[in-house]
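Order-wise, the sequence lines are chains A and B. Counting from 1, one number per residue, gives the positions in the first sequence under the numbering used here. Counting from 1, one number per residue, gives the positions in the second sequence under the numbering used here.
Note that these hints are calculated values from the structure, not bench results. For every residue, glycine included, the Cβ atom is placed at its ideal position computed from N, Cα and C. Mixed in with the good hints, there may be bad ones.
Unchecked claim - So the derived label-pair ranges between C-beta atoms look like this:
1. A:L67 <-> B:L2: 21 to 31 Å
2. A:F69 <-> B:L11: 34 to 44 Å
3. B:T51 <-> A:L88: 23 to 33 Å
4. A:G40 <-> B:L2: 11 to 21 Å
5. A:Q41 <-> B:G71: 16 to 26 Å
6. B:S18 <-> A:P61: 37 to 47 Å
Unchecked claim - Below are the SDA-like pairs computed for lysine to any residue, each with C-alpha atoms no more than 20 Å apart in a straight line:
7. B:K59 <-> A:F105
8. B:K42 <-> A:L11
9. B:K110 <-> B:R37
10. B:K59 <-> A:Q41
11. B:K42 <-> A:Q41
12. B:K57 <-> B:W38
13. B:K78 <-> B:S63
14. B:K42 <-> A:R22
15. B:K42 <-> A:P8
What the hints assert, rightly or not - Residues of chain B placed beyond 10 Å of chain A at every Cβ, according to the derived structure:
16. G16
17. S63
18. N67
19. L108
The primary structure of each chain is shown beneath.
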Amino acid sequence: ETGVTQSPTHLIKTRGQQVTLRCSSQSGHNTVSWYQQALGQGPQFIFQYYREEENGRGNFPPRFSGLQFPNYSSELNVNALELDDSALYLCASSLSFQTMNTEAFFGQGTRLTVV
Amino acid sequence: ILNVEQSPQSLHVQEGDSTNFTCSFPSSNFYALHWYRWETAKSPEALFVMTLNGDEKKKGRISATLNTKEGYSYLYIKGSQPEDSATYLCALRDAGNKLTFGGGTRVLVKP
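Throw the hints in and build the complete structure from the sequences for me.
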């Protein structure tokens with residue numbers, strides 16, 4: 001077990017709706033990153049939060065947004081859902097800007113299906 | 001922009017055989033290379049963090065090497081067991097702590 005928990009484990013939404021995914025980071029970790037894994041591909045970086053501020057963003061539109069809370073847990077929000085948003089969403093926690101051996105620990109993911 | 005390729009996409013291995021597969025990258029402009037093992041319905045499990053050219057890491061029957069000059073890392077599994085069946089992901093970590101993943105190698109060990 002990595003200590004990173006995500007909720008819900010899976011959900012189904014209708015195109016155009018909004019969704020919020022949640023992640024509790026491993027104890028002591030101050031950085032949370034979100035990744036999208038579409039079928040047949042490796043995980044793609046969405047964005048990263050460090051001490052409650054966005055600290056890096058991948059090639060995703062603004063309708064993908066996030067939050068990090070004082071306890072370092074995080075949310076990923078997606079507005080105006082599209083069919084192509086159907087994917088597994090992974091959360092990873094780590095200690096940022098530490099040694100070169102810094103490791104990221106992943107949750108089990110949330111499977112989002114948009115119909 | 002980091003680019004990571006993994007090959008093969010999938011392979012079948014007979015139990016007891018050894019195998020290896022590749023993570024390749026055209027640029028050495030990264031801080032570390034990570035290997036993850038990912039079983040279905042579980043979270044990706046960290047295997048190795050590799051940081052130096054010529055780095056070698058070992059964990060039980062699994063080992064990895066890194067050659068930043070030639071642009072590749074190999075993951076080796078010695079004496080494959082059914083529990084080694086998983087997708088193995090390679091990722092490069094940049095200065096901003098972002099991971100860029102390859103597409104993974106799916107390993108199926110047949111009893």
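task: Quickly compare the C-alpha distance for K42 of chain B and P8 of chain A to 20 Å and report which way the hint goes.
output: holds, 14 Å
- request: Could you check the hint for me, namely that G40 of chain A and L2 of chain B are 11 to 21 Å apart, CB to CB?
  value: Check passed, 20 Å falls within 11 to 21 Å.
- request: Verify the proposed pairing of K42 of chain B with R22 of chain A, using a straight-line Cα cut of 20 Å.
  value: holds, 17 Å
- prompt: Does the alpha-carbon distance linking K57 of chain B and W38 of chain B stay inside the 20 Å limit?
  reply: Between K57 of chain B and W38 of chain B the Cα gap is close to 18 Å, so the pair holds against 20 Å.
- request: Given the hint of 16 to 26 Å, check if Q41 of chain A and G71 of chain B actually sit that far apart at their C-beta atoms.
  value: holds, 21 Å
message: Checking a non-interface call: every C-beta of chain A should be farther than 10 Å from the C-beta of G16 of chain B. Is that right?
response: Given that every Cβ of chain A is farther than 10 Å from that of G16 of chain B, nearest at about 29 Å, it holds.
- prompt: Measuring from beta carbon to beta carbon, are L67 of chain A and L2 of chain B in 21 to 31 Å?
  reply: holds, 27 Å
message: If we take the beta carbon of N67 of chain B, is the closest beta carbon in chain A still more than 10 Å away?
response: For N67 of chain B, whose nearest Cβ neighbour in chain A is about 17 Å away, the distance exceeds 10 Å, so it holds.
task: Verify the proposed pairing of K42 of chain B with L11 of chain A, using a straight-line Cα cut of 20 Å.
output: holds, 17 Å
query: Taking 34 to 44 Å as the hint, is the beta-carbon distance of F69 of chain A and L11 of chain B inside that range?
result: holds, 42 Å
field: Straight-line alpha-carbon gap K78 of chain B to S63 of chain B, limit 20 Å
entry: Holds, because 8 Å separates the two Cα atoms, which is no more than 20 Å.
field: Restraint status (C-alpha distance of K110 of chain B to R37 of chain B at most 20 Å)
entry: Within the cut-off at roughly 18 Å; holds.
Comparing the model with each earlier hint shows a violation of hint 10 alone; every other hint is respected.
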